[in-house]
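Engineer: Below are the chains, spelled out letter by letter.
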Amino acid sequence: MSNGKLDRRDFLKVMGVGGVAASVAACDGPSYITSEQGAEQVIPYLSPEEYVIPGKGVWYASTCLQCPAGCGVRGRVREGRVLKLEGNPDTSLNAGKLCQMGQAGLQNHYNPDRVTAPMIRDGGALKEATWEQALALIEEKTGPNSGISGSRFAWLTGPTSGHQGVLLKAHLEAMGSSNHFVHEVINTKVWQAVSRDMLGQSMPTLRLDKAKLVLSFGADFLGTWMSPIHFSGQYGKFRSAPDRGMLIQAEPSMTLTGANADLWVALRPGTEGILALGIANLLIHKEKMDASMLPAAARQLIDRYDVATTSSNTGVSGDRLVRIARHLKNKSPSLVIAGASAAGHAEGYQAVAAAMLLNMVLGNVGKTILPTNEFPFPQLKPIEGGTADLGRFAKALEAGQLDVVFYDGANPLFAAPGHLKLGEKLDAVPFKVAFSQFMDETTARADVVLPVASALEDWGTHVASYMGDETAISFQQPLMEPIFPGTRSTGDLLLALIKMRKPGPFDEIDDFYGYLQSAIGTIPGAIKGDGEDEINTQLWNHILQKGVLEVPAETTTFETSIPAITLSDHSDNAGYPYHLVPTPRAGFYDGRHANIPWLQEAPDQITKVVWNSWAELHPSMAARLGVEEGDIVKITAAGGVIEAMAYIHKGIHPEVVAVPMGQGHTEYGRYAQGRGVNPLSILDPGNDGKTGEMALYGTRIKVEATGRAGRLVKTGATETQHGRKIVATITGDQLRRTEGS
Amino acid sequence: MSIVRNFIQDWSRYRKGIEDGGFHEYEHMWGMVIDLDKCTGCNACSVACYAENNLAVVGEDYFAHGQAMHWMRIERYWDEPNLGDKASKDTQEHGASFMPMMCQQCNAATCEPVCPVAAAYHTPDGLNAQIYNRCIGSRYCANNCPYRLRYFNFYSYYETSWPSPLDMQLNPDITVRDKGVMEKCTFCVQRIRTAKSDAKMDDRKIQDGDIKTACQQTCPTSAIVFGDLMDHESDVHLLWHKHQTKLGTPKQDKKNPELRGYRLYEQLNTEPSVTYLERVREV
Amino acid sequence: MNGDLEPNRVLFRLPRPGRRSGVRFLGLIMFLVGVFITAALVPAPSYADEIFTSPKQGEPSAWSGWLEKEPGPFPGVTINDEPFDGDDVEQPIEFPHNVHADTNKINCLYCHTYARRSDVAGIPPTSKCMGCHSVIATDQPRIQKLAEYWEKGESPPWKKVHDLPDYVRFTHERHLKKFLFDNPDMGVERVDEVCALCHGDVKKMTVAKKQKSLTMGFCTRCHEANDGPFDCQKCHK
Amino acid sequence: MAEHTAATKDIDEKIAWAKINADVLRSMQNPRKGYWVALAFCVGLLSIGIYAEVHQYDIGMGPSNLNNPHMWDLYISTFVFWIGMSHSGTLLSAILHIFHADWRKPIYRFAEAMTTFSLLTALLFPIIHLGRVWNMHWVVPYLSDRGIWPNFRSPLVWDAFAITTYLTASVLFLYIGMIPDLAICRDNVKGWRRKLYTFMSVGWRGDDRQWRNFRKTYLLMACFLIPLAVSVHSIVAADFAMAIMPGWHVTSFPPYFVAGALYSGCAGIISLFVLLRYFFKFEQYMTLPILDKTCRLTFAIAMVWTYLNLIEFASVWYGHDVTSKEVLLAKFFGPYSPFFLTMLFFGMILPFALIVPKIRHNMPLIFIVSILLNIGMWLERYMIVAPTLSLAYHPWTWGVMWPSWVEWGIVIGSIGWFGLLFLIFVKVFPSVSMYEVKEMVYHRRRVVFDDAEERVMKPSRQEGS
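Chain order of the listed sequences is A, B, C and D.
With the first letter of the first sequence counted as 1, position 673 gets the number 673 in the numbering used here; the numbers rise by one all the way through.
If you count the second sequence from 1, you need to add 741 to reach the numbering used here.
If you count the third sequence from 1, you need to add 1024 to reach the numbering used here.
If you count the fourth sequence from 1, you need to add 1261 to reach the numbering used here.
The reader is advised that the hints may include incorrect statements.
[To be verified] Listing some non-contacts, in silico: residues in chain B with all C-beta distances to chain D over 12 Å:
1) His769
2) Asp802
3) Gln808
4) Glu853
5) Ile872
6) Tyr881
7) Met942
8) Lys946
9) Asp994
[As the list claims (entries may be wrong)] Listing some non-contacts, in silico: residues in chain C with all C-beta distances to chain B over 10 Å:
10) Met1054
11) Asp1109
12) Thr1137
13) Asp1190
14) Tyr1191
15) Met1210
16) Val1212
17) Met1229
[Claimed, not checked] As a list, the in silico BS3-like pairs of lysine-lysine whose alpha-carbon atoms are at most 27 Å apart:
18) Lys1228/C / Lys946/B
19) Lys953/B / Lys237/A
20) Lys941/B / Lys56/A
21) Lys1183/C / Lys941/B
22) Lys937/B / Lys1201/C
23) Lys725/A / Lys937/B
24) Lys56/A / Lys983/B
25) Lys237/A / Lys983/B
26) Lys237/A / Lys987/B
27) Lys983/B / Lys210/A
28) Lys953/B / Lys56/A
29) Lys983/B / Lys212/A
30) Lys56/A / Lys946/B
31) Lys725/A / Lys995/B
32) Lys953/B / Lys937/B
33) Lys1228/C / Lys56/A
34) Lys725/A / Lys941/B
35) Lys1201/C / Lys56/A
36) Lys546/A / Lys381/A
37) Lys1202/C / Lys941/B
38) Lys1586/D / Lys725/A
39) Lys953/B / Lys1201/C
40) Lys1183/C / Lys56/A
Since the hints were derived computationally from the structure, they do not count as laboratory data.
Computed from a predicted structure; not experimentally measured.
Ideal placement from N, C-alpha and C gives every residue a C-beta, glycine not left out.
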């Protein structure tokens, strides 16, 4: 990297104050001995920077890459080290707030298990190599002389956006390939498809703060769904007096959002659509709401689901349905959303569409669901990930279509269900290159490992897939010098790969930083550059300062249409009578953060378990099995068996066993390896008929007690308050009396 | 004689303080309000606290022994005593009850008088200070804390918690505690100290919002409000005022008993500086 | 690892005995019994009552008799207080403070420029040294050594002489503000007198050497005399 | 001498003084094999404790299994137990001395030694339980460069004062009471012992002035020691009573602790009585009537303790404090109930065995009973410390903890330490007070003589008085 050229980076040079403090004698007599002379080193700057004062923290803006939501962060930098991350108050997406995963971005960056040097598979094992060797090998396999045809090359990445996305596409183009598989387990693809079909745009703006009631079908918008911190901010306003909103959550197993619901409805997995239609039925027939905008087919469909049918399918009592309908009628505007547990079934699309239909019946579209502005730069738009691509990828592998696979930001070997047999299929691919920070399951089986810089050491631009009110590009800038000199920026590597393959427009550009600077210069906007300079310095400085650039965007309108919805009734499966719910949790997310000690030690929000996996059971199920908390249960699906310790609570449907995603790594460093189980490994095959997304919540299982007990490590000795006034709760009526309008 | 004189002086000051709300002698009175209705129990504050305060990650075994170091812990209860017993219900009727618990910075703290070496003492800012290098580890303070919010370094956690390069993240504004030292939430005293120092350098007073605790800063729903209770314009003072919790009285003389403010275990007369606002549930 | 980062792995600790030194324990217990017995026989000091009431301004306190309040810019403290003979510290370059501060009358704050803006006074950046020494005294061996470092693009690894324990926070900026900038008797040109209160007479030294004990007693005596804060948490982090 | 071992036989008033000297001095000479075995056993126990403590010193408090609700456990309860043990000596030598109960005379010396050594043992525990032992001297007020002091409001600081004062006083008391005996020893031994006794007997010649001063000093010390003994355990009780925790914040704790202390001390005396009587063949001096009296005294104290215990239950039960009630119920029915009920049985029911003469006169049985009483008293202390910490105000942190090998090791080591000190004592110092036994015998003789005199020459006696 051409360090000398980039003055901007000099501030990152370290000013070392301190060293290792030696220990002090046991009895502190005359206290001269409590400090040493000449034991520590002080290494001054070579050249000073005006804005860097040793001993004072400086805040730099960047973007959080811990999950795809794309929140803005600021890092406190002192003596060349980033010490703390906070939300960037200049963004509208997260407005200065951050979740636990964002806070733990530091330990992603400073992780002791990072890959520090390139590795090449040599005789079955990965051995450290130099960058020259690694790049030479890649050139040999994918360069212009390798003779590889584009169709036999593929990228498997996580969701990406901005200029990295541009470079990725450029590389694919240089390779002559169109095989870009984007994998993301926790996604909103189905919601987007439904929105596109019913509203005319895939990411409508949701306004929880404007709603008086939110009915959520398994959308964990406070934890993992879409843009949790953005929605948490809205939730804070939603919960503010005088017009405090009400939250109803219907889902098979309690999520963080469910744990905050005023009314929590346990329902049989896969019946979310029926519940939505049943409520629509009640609204139309009992609450006499106007449904004239619905086409006849939709009316007929709704009419099918009277209280009895809905109740028998979903397992929700009729009283409760009536109550929900009455609340929906009384509290307007409301907002109905549907998340992972609704979408993760073979009829996931239909279920989400039914929820959207309910929005239309309630007249929420245009009130709490608003059109999103059109992002003006199509090339920078986010490349969304989903699980459908994993299926496509597996098919392509099975057909033997791929000779070379590059991975970046995806760990398919961990996240893929066992039935895909992805491991064996990938082993058959002759050449696999992993761009990776960590030795995860996929990286460990690659042929070449390229260690990349962490999110806090790299440049980049990001466009959030859910942007809310503000159309903006978020910027990522390094907060410190790379900790490990052996790592390189992904952008730099992509540029090198493109140049390696084919001469073209990127030949003039030295590195990703230069590319980014020149690319930003072309952005038209409110902030104009000096005009003469090649680089728009003023804009650039603004961006570095704020971390986010608002871009002008066109307003749009909805084009509503109602597709045909077909839902089948709930059916029993005698062999596998129960349902498996692989719950995503804010924390490990899909398992990518299991190597972060802070997050391993942070108790799960619902069960308060740390450092392990567990299986959530309903007390009735536990009684049936004869297990108590901590006993190990065996969960058998058609695709495999997992064993986990039981945690028993009533926030789960009696026919459901919930096992959190995230643990069960076989690689991935000292903190993650060999802990817990991975529920994704035993998923049943099955896809959403419309979008092809995997039916994550559609697995049928049977459960047995093993007779063994484990040690369920959790915080909290009790589940109840023992009559003490610890968390005092009052009713909404009382709130309206005291703080109401 | 000076013992008698001091005693009389202190006693009269104390009595007067009680009548005037208990804190007129202080420079600042840092206080907090946590709106339990907004708290989602997401744990962001807890991890932010780990990052800010050099909290050790103890690992599964020590955690199982109850030796964890979470200054900010989110408690989760399933029952809701005020709303009647839901035990008969088949599944959970409402969500869970989350309770962010950190040192309540009591103004009549039970931990302070029992410390043999005065490592736990009350600062002129109204904080319960814990001076780590003075602590001899008698653990009396933790025994006498009704909230159980003091954490003890049972091991030299730093030897295992931050394998290189994780140790580069350690905040130099706070000591990394060694074995045998009691520690607890400090209301991010290093931030208070820096902000006060900066304000004094500029010869100005501290403004509301100059200091944000790590938990407050990260709280996604803004459920935590922190500030100076003596600054009558501050958000935290306005909230205390609005919900009629007052320092210096064991029993709150609320005009309207339905107002949401309460302090945990008020009946013990510890006078915490943290007011919780009751959670609301539509039933 | 990046070489620049190496010395930066600060691990702050409290005083503790070395590991595996527990065999001394029995002796310690015996010592303690002695101490306890002695302590029980020795009456408590008469000013024990002053412990928890920090004295009002102007009111005599337990410490008043100990201090000779002297007229002048710094009541109660002088440069000659608390003599302490520090160790000789071997620096990469034997920097002559006397030549700079005494002979050439360079103001302390010219080089230690962060002192008035930050907690730490800082060592001047190497570029600042080279600012003068690219032309001045380039024939001297020490300067040539400096130039060598500069050529290599490195800074000399200076050794810290005045080190406080890691649980102590000392801020240079506030002390300079109090004793220098807010002190009508003082001007910036006399900053060396302020520095000397804690750092000794650096003007007379070549390589800096510890001349003051910098113990807690050293701090508290000055705080007492100058109405500095007595809140433990102000200085202990 | 067979006639003297008869069950009801009191001390033989005809015994020659030289024989008393000889018997006691014999007990200090030529340790037999059994002594060395016992010594090795105690050293073994002590080394377990030292090993555990060194381990804990190196690693931190973690290996002791202490955790967040249980910041204190065995260390503090054993501390209170040993402090309790120390009260026996004061009771026997000081209180009974003032009340002129002459039966104390043959047994008070070892009881005082027990006081001193159990204090020395107790003193270890507050130190061992500190997280940073190497800073323990900060609890003591001393002039330091920093100008800071301990927190005089803390009961732990009071503890430091109280225990050190009590230790000093009881060491002095033990030593002063021993001076005439040391002089006897000095006159009968050679070698290093002679040097030692010469030094320690501070020129005792047994002349009139010395005896007069000695008696005054001894009485003064006794008077001084009694309030100290009461205060030291009241202050230990304050460690708990000053806290706000349910089950600790009990007004009746100081008298309750003092009663418990006297109780366990007396039980300890019975145990040592039996041991010394058996091993040193002190049957002539430690006679059964003395044991009877000791047992009756123990029983009386046990009843006081029982009464205070019941008062505590009643005041919790009829009070309004829900948390205290929870703790009490948890003691009865919770995870601690086996310990608690055992403690109630040993502490309240078992002392009734002491009033049965058959049990009293069966040496092995009374020894077992006294050991069980002390186990009960140890459990009592444990039941004060642990359940409260398990169940305090905040349910989220409730939890029961079982001590680890480190804690047990140190507790066992403390027994070894006490035993070691005591074993050394009995071979270096006379464990039966020779001069006081002589005094006692003299007085008994006087009584016999006087009775005879009364019968024969009544007028002259009247004249004499």
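Engineer: Just checking, Lys946/B versus chain D, shortest CB gap more than 12 Å?
Structural biologist: holds (30 Å)
Engineer: Would you mind confirming whether the straight-line C-alpha gap from Lys983/B to Lys210/A stays at or under 27 Å?
Structural biologist: holds (25 Å)
Engineer: Hey, is Ile872/B genuinely clear of chain D, shortest beta carbon separation above 12 Å?
Structural biologist: violated (10 Å)
Engineer: Is Lys983/B close enough to Lys212/A, meaning Cα to Cα at most 27 Å?
Structural biologist: Roughly 24 Å separates the two Cα atoms, so the pair holds.
Engineer: Holds or violated: Lys56/A with Lys946/B, Cα cutoff 27 Å?
Structural biologist: Distance ~20 Å between Lys56/A and Lys946/B Cα, so the pair holds.
Engineer: Does the structure keep Lys237/A and Lys987/B at a Cα separation of 27 Å or less?
Structural biologist: Answer holds: Lys237/A to Lys987/B is near 26 Å, not above 27 Å.
Engineer: The output says Glu853/B does not contact chain D. Does that hold with a beta carbon cutoff of 12 Å?
Structural biologist: violated (8 Å)
Engineer: Just double-check Thr1137/C for me: nearest Cβ-Cβ distance to chain B has to come out over 10 Å.
Structural biologist: holds (16 Å)
Engineer: Assess, step by step, whether the Cα of Lys546/A is no farther than 27 Å from the Cα of Lys381/A, and give holds or violated.
Structural biologist: holds (20 Å)
Engineer: When you check the alpha-carbon spacing of Lys953/B and Lys937/B, does it fall within 27 Å?
Structural biologist: With Cα atoms ~12 Å apart, Lys953/B and Lys937/B stay inside 27 Å; holds.
Engineer: Check the hint pairing Lys1586/D with Lys725/A against an upper bound of 27 Å on the C-alpha distance.
Structural biologist: holds (17 Å)
Engineer: Does the no-contact call for Tyr881/B survive, Cβ to all of chain D over 12 Å?
Structural biologist: violated (6 Å)
Checked against the numbered hints listed earlier, the structure breaks hints 2, 3, 4, 5, 6, 13, 14, 18, 21, 23, 24, 33, 34; every other hint is satisfied.
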